[in-house]
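In case you want the letters, here they are:
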Amino acid sequence: QQPVQSPQAVILREGEDAVINCSSSKALYSVHWYRQKHGEAPVFLMILLKGGEQKGHEKISASFNEKKQQSSLYLTASQLSYSGTYFCGTVRTGGFKTIFGAGTRLFVKA
Amino acid sequence: ETGVTQTPRHLVMGMTNKKSLKCEQHLGHNAMYWYKQSAKKPLELMFVYSLEERVENNSVPSRFSPECPNSSHLFLHLHTLQPEDSALYLCASSQEGTGGYGYTFGSGTRLTVV
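So the protein lines, in turn, are chains A and B. The working numbering numbers the first residue of the first sequence as 1 and each following residue consecutively. The working numbering numbers the first residue of the second sequence as 1001 and each following residue consecutively.
In silico DSS-like links for lysine-lysine, alpha-carbon gap of 30 Å or less:
1. B:K1040 / A:K109
2. B:K1018 / A:K97
3. A:K97 / B:K1019
A few chain B positions that, by computed beta-carbon distances, are all more than 12 Å from chain A:
4. P1008
5. L1011
6. E1024
7. H1026
8. P1069
9. N1070
10. P1083
11. V1113
Chain A is nowhere near these chain B residues, computed Cβ spacing over 10 Å in every case:
12. T1007
13. V1012
14. M1013
15. K1022
16. L1051
17. A1087
No wet-lab data here; the hints were simulated from the structure. A virtual CB, placed ideally from N, CA and C, is assigned to each residue, including glycine.
Full structure from sequences and hints, please.
Right under this line is the structure:
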C-alpha cells in the first residue's frame, strides 16, 4: 500500500517554513525521507524507527506518530537549495521492503 | 569509487534489442534493489536482492531479468522491451537487519525504448 503524501506541491519564498506529511493505512515499522533534485538520484535524509521519534538534519527535521501511522517532515527557514521532490518511504511492521509515496514537489524562490 | 554506481547513464534501444544495466555498490551493503521511476509516478519497486538471493519480484514482466552475481553487483537484463518501459531505472543498496538504514541510490539509467 503506497503511502499518501501531502501536499503534492508547494512554493515557498526563501526563509519560509513548510511541512510535508506522509500517511499510511498500515502499521509502520519505519519511515524514510529522501530528496531528489531534477536529474539526480534521491538522497537519503533521515529514517525514523519508532513512534514519537524525532530527528533533525540541519534545518530539516521529522517526526513519526506511530499510532496515527503518519510522519511529517519540517523544513524551517527554507533555502534555495531545498528545492526538489521529497519522498517518504514506509516499511510496514513485519515487512522489509520500502514503498515510496508519490512525492511532494517543493520550489523555493528568492 | 564510493557509493552506488550505475552504467550506462543513458540508453536508447529498439524493441528487439537486448541490453543490460549495471549497478555496483562500494558500501559493503547486503541488499540491493531495482526501482523504476516514470514521469509523474512514484518510485516502483521491481526487484530486491538480500544476501545475493532474490527476495522480491514485484510482478515485473519477464522481459526484465535481474542478476546478482555477488553482494556488490546487480544487473538488469532487458529484452524485447516496449515503449512504455521508457523510464529512469534506479539501483539502490542498504544494510538490512541492523535496525534500519536508509537507501543509497545510484544516479540512474535513463532508458528510452524506440
